[in-house]
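Protein sequences appear in the order of chains D and V. Throughout the first sequence, residue numbering follows our numbering, covering 3 to 121 in sequence. Throughout the second sequence, residue numbering follows our numbering, covering 4 to 656 in sequence.
Calculated from the structure, these hints are not laboratory results. Every residue, glycine too, gets a C-beta built ideally from N, C-alpha and C. Mixed in with the good hints there might be a few duds.
What the hints assert, rightly or not - Covered stretches of chain V, going by a simulated chain D footprint (3 or more residues, C-beta under 8 Å): (1) 84–92; (2) 102–108; (3) 471–481; (4) 582–588.
To be verified - Only pairs whose alpha carbons sit at most 25 Å apart, straight line, appear in this in silico DMTMM-like list of lysine to aspartate or glutamate: (5) V:Lys-391 x V:Asp-274; (6) V:Lys-92 x V:Asp-354; (7) V:Lys-232 x V:Asp-387; (8) V:Lys-479 x V:Glu-645; (9) V:Lys-148 x V:Asp-301; (10) V:Lys-479 x D:Glu-113; (11) V:Lys-479 x D:Glu-117; (12) V:Lys-80 x V:Glu-124; (13) V:Lys-479 x D:Asp-114.
To be verified - Some but not every residue of chain D turned toward chain V, in silico, with C-beta under 7 Å: (14) Ala-40; (15) Gln-56; (16) Ala-59; (17) Arg-62; (18) Thr-66; (19) Tyr-68; (20) Gln-75; (21) Phe-76; (22) His-79; (23) Pro-80; (24) Pro-84; (25) Pro-88; (26) Val-90; (27) Ser-92; (28) Pro-109; (29) Glu-117.
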Amino acid sequence: MKQKLSPSVRALSILGLALCSSLSFAQNNDQGADEGRALFTANQCWQCHGHEGQGGAAVRIAPTLYPFVAFAQFVRHPNLMPAYSPNVLSDEQLRQIWEFVRNVPEPPALEDISELSGS
Amino acid sequence: MTSKQKSEGVNRREFLSTATVGVAAAALSKPALAQQAGEETDAQMAAVAPPSAAAEAMENDPPAGYSAQEAGEYFVKHPGSDFMVDVLKDLDLEYITTNPGSSFRGLHESIVNYGGNSQPELLTCPHEEQAIAMAHGFAKAAGGKPIGVLVHGTVGLQHASMAMYNAWCDRVPMVVLGGNHFDATERRTGVEWSHSAQDAARVVRDFTKWDDAPQSLQHFSESMARAYKIATTPPMGPTVVIIDGHLQEAEMEGAAPTIPGVSPTQPPRGDGGALTEAARWLVEAESPVIVVDLMARDQDGVDRLIELAEALQAPVVNQSGRMNFPNNHYLSQGAGVVAQADVILGLELYDTWGTLNRLRDRVHRDEQRIARPDALVIDIGVKDLFIKSNYQNFQRYNASDLSIAGDAQATLPSLTEEVRQQMSRSRRAGNSEREQRWRTAHAQAHARDLDAARYGWGASPVSTARLYMELWQLVKERDWALVSDDSQQSRWARRLWTIDRHYQHIGRSGGAGLGYGAPSAVGAALAHRVEGRLSINVQRDGDLMYVPGVFWTAAHHRIPMLTVTHNNRGYHQEFMHLQRMAARRQRGIDGSSHVGNELNNPAPDFAKITAGMGVWSEGPITDPNNIRAALVRALDVVDQGEPALVDVVCQPR
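Let the hints inform the model, and build the full structure from the sequences given.
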């Protein structure tokens, strides 16, 4: 009988798997970033996550700290956002989007933004 | 006017002379100054001269050259609508928003000439939806004080209906007057038939508290008092009085009607025994949480809630239908604390079930409990006191453990007193630990919000966090009021600004019907004008496209307000809905999401649109580094008493 994992166990499993597999994916780094931005834009990811992945109607996703496996899990089997199946977004396309969001540059530090550091 | 005068009938001539002198005195000073400056002012244009000797004679004698019979056929000395103006003045309706119409031309003339266009003053609106939404915004900014709206009973009410639904959902009072012609044999052919109805208020009856169609002036007088009283009794809401054209225009006959006046109804308060029980639950709770939505009418409501929260050291989740609680208070916490609560106190919740549960937007909409299954729920509010069947804004039924019918703001002092009385010494001693915990959590949340605002800081289109912080730098030292809702901009005002006064945040629209934003902001700005307060409207582009004519109203009536557009070039919520449908059906969204959703190609030029309405404007701005200077220029205009708009192209949220 197939046993249903609790959400927390499931998340830990995903992260564990992800930490292992991310080592090999790290080699690709920004090769797919440009294609990824185009896919990010064309597939309207920015509508919820913002043009820079900074968040908005949905959470911030860039620069992502998640390895690809975890990122893919969130897109394929989400809790609240719509699920994007491979019929809509191939694994390769998804990887390119991931390359983009993880290569979005870090914003200035808080202390370097006077409008925020003074608040 | 004294009550004695009212009971003896209306001495309308005496009132006319008093009112006219007052208006003339007020109006004369500005033109005199303007003449010195060699310019013509709006006040000059609107000034009503005192009655001439000829005008006085006209009221009392047949005009020269007319027989008494002819005069009776041509002229009216004391039209019924003059008395209607007396009633409006007695109700202290400061303004009436209107789009002019023949079905109330009699009252229109009486307001202008008999009433001196003061208390109430007519505000010209190019659309009835705008007129209603202005009244909506005014009442929220004026602590629940309503103004009137004057529309055609048929075509006007139909235009007005969407905005009235928002006011109904948002529990906001207003008195709407609708013109009509009841007697079919008195209607002119053509338009007067098209603009008449057997039951004119029917079209809005599902979402108004009460309506009437008076058949006499005495009936009108009493119905107006009742309409005002019902509209302002919690749960507040719009009321409608249909006014007959013949009643307005015909000569008053018989005994003078009287004005009963309004005796305000005290808001209902929660049952004492139930409050004792509620206080016991709250005091004994390990993790009590207060959730509040459509509660505070004014600063007193905010202050009373602070007292209760501090007595319990319970966090407050402000769902922000109103500004209920200062966001810089350490007990102001995010919605996540609901999940930890063992006792939840809901105050005027729009949606109790939705506060405790979530329905995921999937093919099969599964429910997820957010609150603990064993959490006790106390509901205090007026929503069970008045409800209608058809429109479903009452939300899903929730079996709360203790439901107390009563106006939450009026009930809070009694509840807080009960809490204090039941608070043992040991329980009180635990408060300092709770206070420290919540201070830490509040500080951490604020730090997270600041950090989140960094992302996309330099982006173009402009990030909404950047937009709000550019604004904040310029307004934080002033007396300001945000007359728009920031829910569609990631709640950045509530996350980054300090909002500690009731008037500083206007809350939601109620029914989420677009077309509310711009006119309600102008209505609120009208209420703030007398305080000399800076009104700030962060305006969504999709909403602006509904009734842009409201910017003309703001310019025409010199209502100062700074508008900054959150221009994301479309109906953004619907972009996301289309994406969800396409993803669910595995069809993809690449290249199709704009269809039916975008406001682009061509992009509406909001600076040009509003400039065409007589409003100073600038934009579109796409570079975040150019925002500050534009805002400074706009504020210079607003400080001169005029509206201004800066169009900023922004991120979606």
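Evaluation of the provided hints:
1. Requiring three or more residues with a Cβ within less than 8 Å of a Cβ of chain D, the coverage given for the stretch 84–92 of chain V is violated, as only 0 such residues are present.
2. Check result for the stretch 102–108 of chain V against chain D: violated, 0 residues qualifying (beta carbon to beta carbon below 8 Å, three or more required).
3. Residue count for the stretch 471–481 of chain V with a Cβ under 8 Å from a Cβ of chain D: 4. That meets the three needed, and the coverage hint holds.
4. Evaluation of the coverage hint for the stretch 582–588 of chain V: fulfilled, as 5 residues show C-beta separations to chain D shorter than 8 Å, against a requirement of three.
5. Taking the CA atoms of Lys-391 (chain V) and Asp-274 (chain V), the gap is near 24 Å; set against the 25 Å cutoff, the hint holds.
6. The hinted pair formed by Lys-92 (chain V) and Asp-354 (chain V) fails the criterion: a straight-line CA distance of about 38 Å is larger than 25 Å.
7. Only pairs whose Cα atoms come within 25 Å are accepted, and Lys-232 (chain V) paired with Asp-387 (chain V) is accepted, the gap being roughly 19 Å.
8. Between Lys-479 (chain V) and Glu-645 (chain V) the CA atoms are separated by roughly 20 Å; this keeps the pair inside 25 Å, and the hint holds.
9. A hinted pair counts as satisfied when its Cα atoms are at most 25 Å apart, and Lys-148 (chain V) with Asp-301 (chain V) qualifies at roughly 11 Å.
10. A hinted pair counts as satisfied when its Cα atoms are at most 25 Å apart, and Lys-479 (chain V) with Glu-113 (chain D) qualifies at roughly 20 Å.
11. For the hint linking Lys-479 (chain V) to Glu-117 (chain D), the alpha-carbon distance of about 12 Å falls within 25 Å, and the restraint holds.
12. Straight-line distance between C-alpha atoms of Lys-80 (chain V) and Glu-124 (chain V) comes to about 23 Å, which keeps the hinted pair within the 25 Å bound.
13. Restraint check: the Cα-Cα separation between Lys-479 (chain V) and Asp-114 (chain D) comes to about 20 Å, which is no more than 25 Å; the hinted pair holds.
14. Contact between Ala-40 (chain D) and chain V, as hinted, is not supported at the beta carbon level, the nearest pair being about 10 Å apart and thus beyond 7 Å.
15. Interface hint at Gln-56 (chain D): satisfied, since its Cβ lies 3 Å from the closest Cβ of chain V, which is below the 7 Å cut-off.
16. Taking 7 Å as the C-beta contact cut-off toward chain V, the hint placing Ala-59 (chain D) at the interface holds, the least distance being around 5 Å.
17. The interface hint given for Arg-62 (chain D) is met, as the beta carbon of that residue sits about 6 Å from the closest beta carbon of chain V, less than 7 Å.
18. A least Cβ separation of about 12 Å between Thr-66 (chain D) and chain V goes past the 7 Å threshold, and the interface hint is therefore violated.
19. The criterion of a C-beta within 7 Å of any C-beta in chain V is not met by Tyr-68 (chain D), whose closest approach is roughly 16 Å, and the hint is violated.
20. For the restraint placing Gln-75 (chain D) at the interface with chain V, the shortest Cβ-Cβ distance is roughly 16 Å, beyond the 7 Å limit, so the hint is violated.
21. Residue-level restraint check for Phe-76 (chain D) is violated (minimum Cβ-Cβ distance to chain V is 13 Å; threshold 7 Å).
22. With its C-beta approaching chain V no nearer than about 12 Å, His-79 (chain D) sits outside the 7 Å limit, and its interface hint is violated.
23. Of the supplied interface hints, the one on Pro-80 (chain D) is violated, with its beta-carbon coming no nearer than about 10 Å to a beta-carbon of chain V, more than 7 Å.
24. Because the beta carbon of Pro-84 (chain D) sits about 4 Å from the nearest beta carbon in chain V, less than 7 Å, this interface hint is met.
25. With its C-beta approaching chain V no nearer than about 9 Å, Pro-88 (chain D) sits outside the 7 Å limit, and its interface hint is violated.
26. A least Cβ separation of about 4 Å between Val-90 (chain D) and chain V falls short of the 7 Å threshold, and the interface hint therefore holds.
27. The beta carbon of Ser-92 (chain D) comes no nearer than 11 Å to any beta carbon in chain V, farther than 7 Å, and the hint placing it at the interface is violated.
28. Nearest Cβ of chain V to the Cβ of Pro-109 (chain D): about 4 Å, under the 7 Å cut. The hint holds.
29. At a threshold of 7 Å, the smallest CB-CB gap from Glu-117 (chain D) to chain V is about 4 Å, leaving the interface hint in force.
Violated hints, in rising order: 1, 2, 6, 14, 18, 19, 20, 21, 22, 23, 25, 27; the structure is consistent with all others.
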